[in-house]
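Asks: Heads up: the sequence lines are chains A and B, in that order.
Take the first sequence: its position 116, counted from the start at 1, is 116 in the UniProt record's numbering, and no numbers get skipped.
Take the second sequence: its position 653, counted from the start at 1, is 653 in the UniProt record's numbering, and no numbers get skipped.
The set of hints was computed from the structure by calculation and includes no laboratory data.
Just so you know, not all the hints are guaranteed correct.
As the list claims (entries may be wrong) - Reference excerpt, derived from the structure (chain A facing chain B, CB under 7 Å, subset only):
id, residue
1, Phe65
2, Leu103
3, Leu118
4, Lys136
5, Ile140
6, Val142
7, Asp152
8, Arg157
9, Lys223
10, Lys310
11, Ala314
Yeah, the Cβ is synthetic: ideal placement off N, Cα and C, and Gly gets one too.
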Amino acid sequence: MPATENQPSFLGRISIRRNQIIAMDGNHEQELEDLELFQRHIGDRFAELTSPPDNQDSPFSGESFLSISWLRKLVDVLLCCEAEFKAALIMGRDPSQISKPPLDRLLSDYMERAVKALDICNAVTGGVDSIRECQKLAEIVVSALEQKPIGDGQVKRAKKALSALMSASAIDDKENNHPRYAERTWSFGRRGNNSGGNHKDRTNHGSFRSLSMVVAKNWSAAKQIQAMSSNLAVPRGGESTGLVQPVYIMSNVMVFVMWALVAAIPCQERSGLLTHFQIPKQFGWAHAIIGMQEKIGEEWKKEGEERDEKLEEAAAQVAELAEICQRMEEGLVAFTAADQRGVS
Amino acid sequence: MERHLSEKHPPEKQLSNVSDSSDNRENGTSIATTLNADHHDHPETETCDQLASPSLKAGVKVEETDNTSHEIEEVDQEEKENDEKIEDNPPPEIHYTLETVSQDIDQFITALSATPKDAKETTVEESKDEKMSMEIPVFVVKFLDLVEEKVAKHELTEGKGKWGQNPEEDSSFLEAVNRISKLTSSLDGLRSDPNHAALISRNGGIQQRAMACLEDEFRFTLEDIKHNDQDPNTDAKGKQHEADRCVVQESESSVTDNFLGYSDDAVSKLNRIAKEMIEGGFESECCQVYMMIRGQAFDECFVEIGFEKISIDEVQKMQWEALEREIPLWIKAVKEYASIYFVKELKLAEAIFSNYSSISSSLFSNLTRSVLIQLLNFAEAVAMTKRSAEKLFKFLDMYETLRDSLPAMGALFSEEYENELKAESTTARCRIGEAAICMFCDLENSIKSDTGKTPVPGGAVHPLTRYTMNYVKYAGEYIATLEQVFREHSKIERADSTSRPRYESESQNFNNDDDEETQSPFSNQLMRVMDLLDSNLEAKSKVYKDISLSCIFMMNNGRYIVQKIKGSTEIRQMMGDPWCRKKSSELRNYHKNYQRETWSKLLGCLGHEGLQVNGKVIKPVLKERFKSFNMLFDEIHKTQSTWVVSDEQLQSELRVSITAVVIPAYRSFMGRFSQYLTAGRQTEKYIKYQADDLETYIDELFDGNPASGARKRP
């Protein structure tokens, strides 16, 4: 501060300080405005996701929520936010600002989160592949059951594919892989095969390419989410100015989108995911995100049970159908025999 | 089975059906008529008529009811009842075998599938009626009985590798399954007719059981990969086997290895099973089994190579020493997948799913895609790690691997996947390339930031020079790749790139000059590095207070640089003759400066001027000259023998040039003036050195040896 040296007087100092404050104010105002805009854009984008324009009456209950196309939009929103964030971070800024504390630390944390997000994306890709496999099994079930009139063969075919599907989704997700469920799958598969004939069915177990090694040994999607959010502290006091806020907001957006992806798509190890990430409620931009998170949390809790139930229900129905077919056949034979005897 | 249903209906209904159909038949072509042509004249006649029809002549044996099969007791029983029922009719009991009945089935299928197409499309209603009328010949039921028996037998043995023991039986089973499948699709048109529902259902049931058998056999065969036991020699070699595979692949002897450990028999069996499964509509099951087992086999390849899946996050956190060990494994993995496994995998898929090229290519693509993505992920993860100059060469290894291994693979894939693969691998290659550029350019920064003011003792080669030049020399081994990397990846300006290497704009300038047009961006960068090093060294030379020493320092470092450049043909070529000439002349200049600085003063003592006045030698001046010569030489010897010239050639060049200047001058001075000193005491006092002594002392210079000194000597 050479000016101070030249004018060591008290008055001089005051005038300088005033100038500085004015200069800072100008910057600060601009910065606040930018921040305001950034926050609003983020809020808007997520609000749009929660209520698609074509389905305004039932923003959450629409089919699109958590569908693949919805997730695609979610990822698009992440990319949009990130682009805006990057622009805010880099454009018209002195690079030295970024390399000074606290930004240097915050940005390196941010980068670390981004790297973890990449791993999560890879895991999700693996998850999508496994869903495709499940879909193929489900398609076998559906196409077999769609045959009219349905025969013994189709029912058995459907049953086989369905039990494979059930064990696949049991392997799939450790969160839902409680022993009760796994055991039931097993016993179902066995029972089904025994009644279906004397050939054993090895399709059930191991037929599915397990998700466990998509990223790396012992890698856990849930733990990554936890690690991404653990050092995500709300900026306080003097820190909350400048770029600190955008970095914080962007980090939250990124962690949320990753969290949502992991919640929506089977991923390597997701146990405890729900408790791993909470967004503070006091921020305007976070309202839509929090709403979404709650909704996904509910779905997640429901999903496990519901999917188990539905699958088991379907399995039970198919088993019943198989039984009916079996009985019908037996009955028919008896009936025919009687009939024939009668005729002759 | 068909019989059961039809007989379940009250006779009136049957009658009406028959009359309906006969009406229809008169109206025009129908399935029934076509069928008639093959089997019998009147579709409404009892089935036993068909049995007697001429088409069934071959292989039909007259025999008692077949009671041998326990499995199909019910059918037998029902058969008996049928027999009872048709006792009135002349034809006797007929014993069917699978072979005999198969011919009839084939004809039946042909007949059945020949008709419905027009009918289905033109008049749906009509054709429905016609089909209703159709009777299913009894041999169909018989056929199903026989196949069911066969399937039941297979169900007992499946998965135990029983296949292959009796090839005839296998073929016969596959043929039977084929007929069942064809029957299924032929009967499809009759689906809506409740009369045939039971038959269709039974057929479907048998088909499902047969397919389940096939699926199990398919899985069993696929799982049965023979690793090394076909070739006992490779067992001992273990891992070396991997490296030898390329060679092995070419040699004709190892047939099994052509199919990744499957024998030709196994492959042909898989092929036949796959064909039946696909034609029977069980493609999904077949593909699923294939994907699962081959996918696992692929994962095992990873294990075999020793390359472990590492998350991107982990890669960032790994120490370079650890990561450095992973890179050769990655390179090995990429090379082996690209040159061996993928080629063989495709061959296997094409062999098993021959005639189904879309299936084989999609299975292959799906299998390999995840492996490739996995491998490319690692490359990108490595490219993301903190950049540092030491990593450059490993990065270039990776770059070369991506460049050389992946394009060849493209041909294996369908166009869609090839494009995806190309895009993915290009991205990975770009990342690695860009990182490599940054690392090499970082050499600039390490030169610039080396601003240490501590002089290297004795004017020896500076560590920075050593580091830079060894780095450059090493880069020479990668020069083609580096040139490519600089040419291809320095121009890419990524949207998110904030730090673009500086040379780019400069290379643009170079391109404007016609002379420089041929220069590659890399050689420009290299020039920059050399220039920077030069100017840095020059600054460092100023630290020495003694100008002679700073000359020695510059000579040492200059010499080192030139030697390193000349040591690498590629770098030498890149730097070019003009640079070398310039460097040599610079070195000569430093040499001259050194000579002047150190030795001209000494030679001044040996000058003749001022020694003689009017032809007479002034003794005190002469004595003074000798004294100062001795003193100066001692001083020079003392200091400069501590100086370091480690390059032997440079050292001897220096010594020779010093000797060449000093010795003749001293000799002539001695020859001319030593006589004026009184022999004995005076001579001993003032003539301290003989010319030979001087030579010896000069040879002690630049030894970096502070202990040696002239004083020790007498």
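Asks: Hint by hint, note whether the structure agrees.
Replies: So, going through the hints one by one against the coordinates:
1. A least Cβ separation of about 29 Å between Phe65 of chain A and chain B goes past the 7 Å threshold, and the interface hint is therefore violated.
2. The restraint placing Leu103 of chain A at the interface with chain B is violated, with a minimum CB-CB distance near 15 Å, outside the 7 Å limit.
3. The beta carbon of Leu118 of chain A is positioned within 7 Å of a beta carbon in chain B (closest approach about 5 Å), and the interface hint is therefore held.
4. Interface hint at Lys136 of chain A: satisfied, since its Cβ lies 6 Å from the closest Cβ of chain B, which is below the 7 Å cut-off.
5. Satisfaction of the interface hint for Ile140 of chain A is found here, the shortest Cβ-Cβ separation to chain B being roughly 5 Å, below the 7 Å cut-off.
6. For Val142 of chain A, the suggested interface contact is broken, since its CB lies about 11 Å from the closest CB of chain B, more than 7 Å.
7. The beta carbon of Asp152 of chain A comes within 4 Å of a beta carbon in chain B, closer than 7 Å, and the hint placing it at the interface holds.
8. The interface hint given for Arg157 of chain A holds, since its Cβ lies 5 Å from the closest Cβ of chain B, which is under the 7 Å cut-off.
9. Here the hint on Lys223 of chain A is broken, as its CB sits about 10 Å from the closest CB of chain B, past 7 Å.
10. With a cut of 7 Å, the hint placing Lys310 of chain A at the interface with chain B is violated, because the nearest CB-to-CB distance is about 21 Å.
11. Among the interface hints, the one on Ala314 of chain A is violated; its C-beta lies about 18 Å from the nearest C-beta in chain B, farther than the 7 Å criterion.
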